[in-house]
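Engineer: Dock chain G against chain D, hints included.
Protein sequence lines correspond, in order, to chains D and G.
Just add 216 to wherever you are in the first sequence, counting from 1, and you've got this note's numbering.
Just add 630 to wherever you are in the second sequence, counting from 1, and you've got this note's numbering.
Hints were generated in silico from the structure; no laboratory data involved.
Lysine-lysine pairs mimicking BS3-like chemistry, simulated, CA-CA at most 30 Å apart:
| # | chain 1 | residue 1 | chain 2 | residue 2 |
| --- | --- | --- | --- | --- |
| 1 | D | Lys226 | D | Lys262 |
| 2 | G | Lys790 | D | Lys296 |
| 3 | G | Lys752 | G | Lys817 |
| 4 | G | Lys645 | D | Lys226 |
| 5 | D | Lys296 | G | Lys636 |
| 6 | D | Lys296 | D | Lys283 |
| 7 | G | Lys752 | G | Lys768 |
| 8 | G | Lys725 | G | Lys790 |
| 9 | G | Lys828 | G | Lys752 |
| 10 | G | Lys719 | G | Lys790 |
| 11 | G | Lys790 | G | Lys768 |
| 12 | G | Lys645 | G | Lys725 |
| 13 | G | Lys813 | G | Lys752 |
| 14 | D | Lys253 | G | Lys636 |
| 15 | D | Lys283 | D | Lys262 |
| 16 | G | Lys719 | D | Lys296 |
| 17 | G | Lys636 | D | Lys226 |
| 18 | G | Lys636 | G | Lys790 |
| 19 | D | Lys262 | D | Lys296 |
| 20 | G | Lys790 | D | Lys226 |
| 21 | D | Lys262 | G | Lys790 |
| 22 | G | Lys645 | G | Lys790 |
| 23 | G | Lys645 | G | Lys719 |
| 24 | G | Lys768 | G | Lys725 |
| 25 | D | Lys283 | G | Lys636 |
| 26 | D | Lys296 | G | Lys645 |
| 27 | G | Lys790 | D | Lys253 |
| 28 | D | Lys262 | G | Lys636 |
| 29 | G | Lys813 | G | Lys768 |
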Amino acid sequence: MNDRCMLMRKIAENYFALADIHLYCDTHPADASLDGKINELLRETKELVSRYEANFGPLTCHAGTAKQWLASPWPWEIDKEA
Amino acid sequence: MFEYQKMLQYPIRIKTPNPLYASIIISQYGGPDGELGASLRYLTQRFSMPYPELQGLLTDIGTEELGHLEMIGAIVYQLTRNLTPEEIKRSGFDKYFVDHTAGVYPTAASGFPFNAASIACKGDVIADMNENLAAEQKARVTYDNILRLVDDPDVCDVIKFLREREIVHYQRFGEGLRIATDKMDEKNFYAINPSFDK
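Pulled out of the complex, with its shape left as it was, chain D reads as follows:
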């Protein structure tokens, strides 16, 4: 697995962890025990996304030019490098 795929995998893992924690917090709003974990994940994910976008292109359409947006593969395409 190359650097791009490893970084993408890590970003996806972090977003998944955040989404899953978020669902728990929706139904347990009084439980503040995960706030530290959420902030840690948010901080780490922001850094990983910045590193990914600087090297491999935007992950959202507002993170670069239209040309950059079209240059990287779409996620449903078979990733030959994975």
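Structural biologist: Relative to chain D, chain G alone:
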């Protein structure tokens, strides 16, 4: 509003195309208990849902389901690439192919196209949350049935991930229903509809 992220929630890399598997798994794209219905069901129930916990839950689960819709589309796309007419005829994919070629169309495996009647929005918290609990179980059963019919590990790994999410969503909707009933008339949950009666 929504903003697209150019990534899947869980990676999908299917090495061997298989049109028979595609014609089964398409049911989770546009079938009665599929991800299109799931995402629309939750995102549309939000408007009349009382209580911020439940509005948040429907928003977050509905958004995740849109990501699952994309994952099912990616599976079907990868299973139907580089097919020959002979493979299409032999696998039984011909009945789908004649109308949609290798496009990803929201339909049940039976050929019945996506129908909004398979989603529900009653505008009543008790009715809608019970609907959602049943919907998650029906989707879980569909994934179980897919796992009974498919034996490619590249496909089953992703299907198992999606199946697990149905179980987590069921758990959270159960907690959501409990939150709602705790806020309602303890002697009679059905005395009023908090979405409508003030």
